[in-house]
Each structure stands twice: as C-alpha cells, then as structure tokens.
Amino acid sequence: MAATTLSSRKTIRPVTPCAPERSLWQRQRFLILRRVSQILILLAFLSGPWFGVWIAKGNLSSSMTLGVLPLTDPLLLLQTLVTGHVPYATALIGAAIVLLFYLLVGGRVFCSWVCPVNGVTDAAAWTRRRLGIKTGRVPDANTRYWLLGMLLVASALTGTLVWEWVNPVSLLHRSLIFGMSGGLFVIGGIFIYDVFMASRGWCGHLCPMGAFYSLLGKKALVRVSAPNRKACDDCMDCFAVCPEPQVIRPALKAVGQSHPLILASDCTTCGRCIDVCDKQVFKMTHRFDQRSE
Amino acid sequence: MDTGQKKNAPRSSVANSPASVARRKFINSVAAAAGGGCLLALGASLYSRSASALPAQALRPPGALPEADFLAACVRCGLCVRDCPYDTLKLSDLGAPVPTGTPYFHARSVPCEMCEDIPCVKACPTGALDPALTDINQARMGLAALIDHETCLNFLGLRCDVCYRVCPVIDKAITLETQHNPRSDRHAMLLPTVHSDACTGCGKCEKSCVLPEPAIKVFPRPLAQGALPEHYRKGWEEKARHGGSLIGDQVEMPIRGFEGSTAGRSATEAAVAPVTPAPDLPATPAVPVAPAPKGPSGLNSHWKP
Chain A
1 MAATTLSSRK TIRPVTPCAP ERSLWQRQRF LILRRVSQIL ILLAFLSGPW FGVWIAKGNL
61 SSSMTLGVLP LTDPLLLLQT LVTGHVPYAT ALIGAAIVLL FYLLVGGRVF CSWVCPVNGV
121 TDAAAWTRRR LGIKTGRVPD ANTRYWLLGM LLVASALTGT LVWEWVNPVS LLHRSLIFGM
181 SGGLFVIGGI FIYDVFMASR GWCGHLCPMG AFYSLLGKKA LVRVSAPNRK ACDDCMDCFA
241 VCPEPQVIRP ALKAVGQSHP LILASDCTTC GRCIDVCDKQ VFKMTHRFDQ RSE
Chain B
1001 MDTGQKKNAP RSSVANSPAS VARRKFINSV AAAAGGGCLL ALGASLYSRS ASALPAQALR
1061 PPGALPEADF LAACVRCGLC VRDCPYDTLK LSDLGAPVPT GTPYFHARSV PCEMCEDIPC
1121 VKACPTGALD PALTDINQAR MGLAALIDHE TCLNFLGLRC DVCYRVCPVI DKAITLETQH
1181 NPRSDRHAML LPTVHSDACT GCGKCEKSCV LPEPAIKVFP RPLAQGALPE HYRKGWEEKA
1241 RHGGSLIGDQ VEMPIRGFEG STAGRSATEA AVAPVTPAPD LPATPAVPVA PAPKGPSGLN
1301 SHWKP
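Listed in order, the protein sequences are those of chains A and B. Read in the numbering used here, the first sequence has 245 at position 245, and its numbers run on one by one without any break. Read in the numbering used here, the second sequence has 1137 at position 137, and its numbers run on one by one without any break.
Looking at chain B on its own, in the form it has when it is part of the complex:
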C-alpha cells in the first residue's frame, strides 16, 4: 500500500517527537506492568486451583462451610488452631496437600474431642466455621467408614468393639449389628456399623482402632458418602407414610422352583431383595439356609441400615 518515502517522512517528524516517544514509553511500561500483573495473578490462580483438592485424610474443624465456600471465607489466621485445647487443629504449610494456611486435622494423629463450647468456632472471625453450630453433636466434620472388612477384628468374629466403645455418640453414630458367622456357623459377628445421620466425624474411632492401620477411617463427607438422585423415593417409606401402597396391590408373580422360600414374603420385600436363583441348590423351606460355597450371603442378614 505504501512505499518507503511515506514511511520515512513521519518517522523523522512525528515518530521521534518527544510526545510520541513519551507515549510509546508509556504504552510499553503499561503493557509490561499489566502483563506482569496478569501473569502473576494467573499463576496464583492456577496453583490455587491445582492445590484446592482436600486429601482424603484431612478433616476440617467443626462447623466448617462446604469446602468451596470455606476456601473463600477462611483468611488462614489460625485463631481456631490457637483456641483448640487439645492441639487437634493444625495449619497447613506451603506445599502440603491441604490448601496453604487452612486449618485441618488428621483423625489418626489427634482426633476432635468435641468440646461442648466449641472454642474453635467461637474463635473464627469470618464465619468460615459457621457460628450457627452451637451443638457439637450436630457437627459434620467427616464420616467414619469401616472400610476394611477383611482386617476388622469384629468381622473376623472377635469382640474388639473399641471403635464402638469410644464413639462419643455411641449407639447412634456407631451400632453393633449382629450377624450370623458363616465361618464357624455357630457364632455371631457383631459388626460395627456407622450411621451417617449421627456421625460427627470426630475421628475417635479411627484414632483408637487397635490395628496398625485402622480398619475404620474418617473421610470428608463428599468422599465417604454416596447420594441418591433427588427424585428417588423408597417404596417402603412412602408406604409407611401414607398407610398403604400408593399404586395399589401388586400382582404377585410366582417364582418358579422357589415357591417355598418366597412364601410369606411380601411383594415389596421380594422386590427389594430378589432371590437370586442358585441353580444347584434344592428348594429348602428352612429359613437358616446352610451356607453354600458361593451362595448369596446377604439373604439372611439382619442388617438394618
């Protein structure tokens, strides 16, 4: 579009004028400052994003907001740590898997003693630990899960019960559920069972598990818990609430070959836990089914979650 003549002319007159040089310098410096500032902020954002995930064994103090809100609200001052009388809470160091400077605890090291006056929540200046929490039994720091059924002594048929005994919400958060011991065929197993509606996640069960590596562990709730789709309804609950089936009587279909074993079971029960036909098993009307080598073990469970 242009030749050298026109290019040269403005360079000598306008481009090197003091105003133009100053403008160029200004634009350069603004660009450098803006670029540098944006780059640093971007770097910090990316790092914070990559380091935001809470590791499985780190638990937040009682009353902590849901993790995303907590990370917006917590100013990392450590006042909760200072007011924790049992040195349960720690502040995360840079490079630790827990977001820098935020409070957490490891149940296996020092569990939460569940102080009745909840000093950590009172100390929090920002409400990252929700001041609405006044009853420590309503705290939901995590959820205990008996994750290892192979090493838990009660599952091996012994009466350890330690996690059950130390639970501050005993008989509500952890119960012992009796179950037939199929190995000896003459004993009961008392299985420690955690109930999510009462477990505070204090971690005393994990702390006191007698095994070198605990069979019961406490995890942040989103990690330990599944969730039913919101539109799911439990038929038996709806039935109990409304005093009868909402969809009328069901046609009860005979299960051929197992008429004896399904006799007496209601339609809904049969629907919830359908009998898996074991082809090599003869139809026996006796209730305590002799344990077949690979038979369905949940059949005779007294499990009531």
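The following block holds chain A by itself, in its conformation from the complex:
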C-alpha cells in the first residue's frame, strides 16, 4: 500500500548494494496477516447468517462461539457495572476471558488485529499519504483517555450505556453482521475526518475503546522491538506508516531507554514498521527480549 509513496522516496535515498530485494510477502507480511485475522473474525460471525454454519453468534460487544465460549467486551461490561446493573454470569465470564487475553497478549492488539474500524482508518491514512494532504488539526492524543473517563461518568450519571448510542466500533461491526446501514454513515464520517481533518484522528486520538485497550496493555507480553537499530538509515518509512509514530523513537533512537523494545502501550503491535523497513530493523518479540544485535 504505502510502497508506492515510498518508492518515489527510495530514489533519493542512497542505495546500499548489500540490501537484498525483499519479496512482496516480506514487505506486506503483517498487513496481510492482520487483514486475514480481521476478515476471519468477521466471517466467524457471518458464516451463520450467510451459510447456515454458526461459529460465533452475537457481535464484538458480546458473543457466544460454538455454543461454549462466551466473550464480552470488558469496557462495555465496565459501563454496565457503573450504571448499577450487575450482569448475569455469562457476561462476567466472557469479559474475564477477554480481559485476561488482552492483559497477556497486548491491549491494542485488539485495535490492529480485530477491530473492524482498523481497515477504514488504515485506508484513510493511506489516502491521506497518497494525496499528500496536510490539512486539518489533530486533537490532543490524550482526548481519548478523557473521553473514556467521561463516558464512564456519563454512564453512571444517566444510568444508561451512553457510548453505545454512537460507538463507531460496535456500530460498524453490528452493521456488517446484521446487515444494517446506519453504522456505515458513522464510518464514512470517520474516514472523511481521518483523511481531511486529522491524520490518524480517530484511532490515534479519540477512540475510547483504543484508550481502554491501551491501558490494558501496559504490561503486555507481545511487543515490537528494534534489535537491529544500528542498521537504521533514517528513511522515516516506519514513522510514516506507524499509526502511533511517537512510540518508535524511544526504542529506535534509544531516547530515555537503552533497550530496543517498544514498550509504550499506545503501540498497536500491528507490525507495519517490520513490513516497511528495508533494513529489517524491527521484529516481533516478547517484552523480556531486550537483546539488540
């Protein structure tokens, strides 16, 4: 995707003769894997209504897989709890499973590997790069944390799940699975917002679900690292493609830390930096792997 913009920049860059030409798979590996993951999750929900083969019922808010595995969005459950309703055991167990998974694996893994909005905002970021749009003004990245806090307060005060009226994430997923059109309008709005008004505006600055998963992922195991950082030739490809570019610098340039791990929980572990780096600086690893080559 981004390769076209980058190829124009490649001509300016000094060509290192020893750099081996990387295959398409090597250049798009994590992008392809992520799209496959997102589509498979959608298909698990859609195989029932489409082909009569029920794998997962419900949607990302709460689901039942193969009649045995309940999964519930922990943020939604938290909102339910602050309204004063104590949910039935199925929802509590489902939320505990999801919570445990993202605590261990990595909070914002949800954003890049599961969330259906990811494809939309990735497409918006790609469009923005391709068209060279520089307009707009990004809101403060902490807005999402305030929004997260405030919507919990609002749920407690109004006694209703305030955010679920407008939540683009659940709206889109519900619209896709139940064949409704309403969510698509909101998603269209987010696409336009991300393209013309704020680079990575929704996922990187506003989405309270992303903020919640970011908080969950403070101690997550799966992390991206830059062990081969001495090979970096400052081409800035990773910064251009990263949805949360501020997380790269400490690891890549050893700013405020000596190890090459990207530990900032805003990192969505999407692996695009690994894909686009011709010098193969980055790799996917765990948080205790502090080696650098």
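No wet-lab data here; the hints were simulated from the structure. Even for Gly, the Cβ is constructed at its ideal location relative to N, Cα and C.
Every beta carbon over 12 Å from chain A, so not counted as near; a handful from chain B, in silico:
| no. | residue |
| --- | --- |
| 1 | N1016 |
| 2 | T1175 |
| 3 | Q1179 |
| 4 | A1198 |
| 5 | P1212 |
| 6 | L1246 |
What the simulated footprint calls covered on chain A by chain B, stretch by stretch (three residues with Cβ under 8 Å from a Cβ of chain B suffice, anywhere in the stretch; the number is not a length):
| no. | stretch |
| --- | --- |
| 7 | 71–79 |
| 8 | 167–177 |
With chain A's structure known, arrange chain B on it following the hints.
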C-alpha cells in the same frame, strides 16, 4: 495595581523559561484533551437521552427489564436476535427511533410466537432479559388494547373474533363480552376484551386483525396502562375480603324521581355507577331501558372488567 515595569520584568526572565513554557504547553494540551473528551461524552449523553424513548409500536423481547434498567443492562450484542427461531426480534439501526442496537419487535410485522423454552432469554449474556422468566405465559412484553371501537368488526355487530381465536392465552388474556346491540336492538355484540393480568403482549392479535389497520394494537405496558394511586381501595373488594362493610351500614338516600329504577340496587352499586338523571326520560321500572337518543349507554352493560 501594577504598571508595565513589573509586568515586563517577569515576562523576560520567568515566563519564557523552558519550565514555564513546558508548563503552559502542558496545561494547554490537558485543557484541550479534557475539553474535547468532556464535549464528546456530553454530546453522546444528550443524544442517548433524546433517543431513549421507546416508540409506541416497538416491543421488547420477553423478560426484558423495565426500560431504564434494560438500557443499562443490554450490551446490544444481538444474541437474542440470533436465537429467535421466528426472526421476530430485530436490532435497532442507528437513527431508528428505538435506542441504537437494542432488540425489539413490531407485532404487526412478526409477533412473538411465545416459545416454551424462551431461547432469547437463554441467549442473553447480561440478564437484560431476566433469566428468572421460565414460563412464557408470565412474559409481559406489552399489553394489547382494542383501541378502535369504531372499526372493530365485533363492535360493528359482526362475529369476526379473530383476535380472540388466535390469542395463545385465549379466554384469559382476551375474552368476548356480550353486550346488547343498541343499533339493531335485537342482537348481541361480542366485544373482545383484553385482561392485563394475563396478556403477554405477544402481538398475535394485532398481527391477525383483519382490518387494513388493526383495531387492536399492542403497546409497551407503561403506555397502555393506567395506574391507580397506591392508597386507593375498591370498596366492593374490601367488603368481600372482610365479609362485610368496614364502615357500617350506609344511610340509603332516596333519589327523587327515580325511586323505581334504583329499587333493589345496593348502596355500593348505586355509589359506583350512579344513575345520571335524564330529565326528559320518564321513570320506567322496566330493566332493559329503551335506548334514548343520548341516554347513558353503560347503564345496562354486562361488562365485568
């Protein structure tokens, strides 16, 4: 209080120091983030509040908690919709009058078939559909109301009876009450009558009403039902419960000019349905009063609600 000298001095030394600039930047960004976050949450709250009212024709699945509690408990996952074998339940789309993503059904489109195992309640992960509901006849999804007495065929004197026949709780939720047909003066009307203590609100009556626009409709209970003040007691019920009047015998006052027609009526009955004197009507002792052009029609009713 101050002149320009003192203002200028700190601006050059303290106000532009790196720490001060950083602090100002920090405060600015926090203010922007907090303001933005609060504004978005406020907007969502206002929208949710304005869009919370359930429209008159949208019914919740069986076992749904009271609407306010339901909106706190339902996570809008659609599992009840998926497990509904008759595709009765739908999820509300954004912009629809029903709160976004919540399950509902329209009786006229697809009514509730009242499955005995209540799969929708079993599917609910949060208890927004109360798992305590195990007998579908105890479900209270809404309340049928025969709202149009002008078009209902039974009110016109015909024997349609369809709503009565299709009712899954026939003879309890809907009964036919006979009443004299004042128009022909020789026939009976069999009036479909809904009883709130048995009606589940499944909507089969509304679905099957033969009229192009149904005369009987199902509404959410708070909309269809009145409520007596809690301190009200029905004298006749108290009397029956205690085996006699609690306040002793009443002085029976004669109603002058109508002695004949009130004869034989007890004091309480007279009090419940007092005879409105029709000045141009002569006192007739005959029980089936010939219908006067504008006479009180409820007088000879066999209505037993």
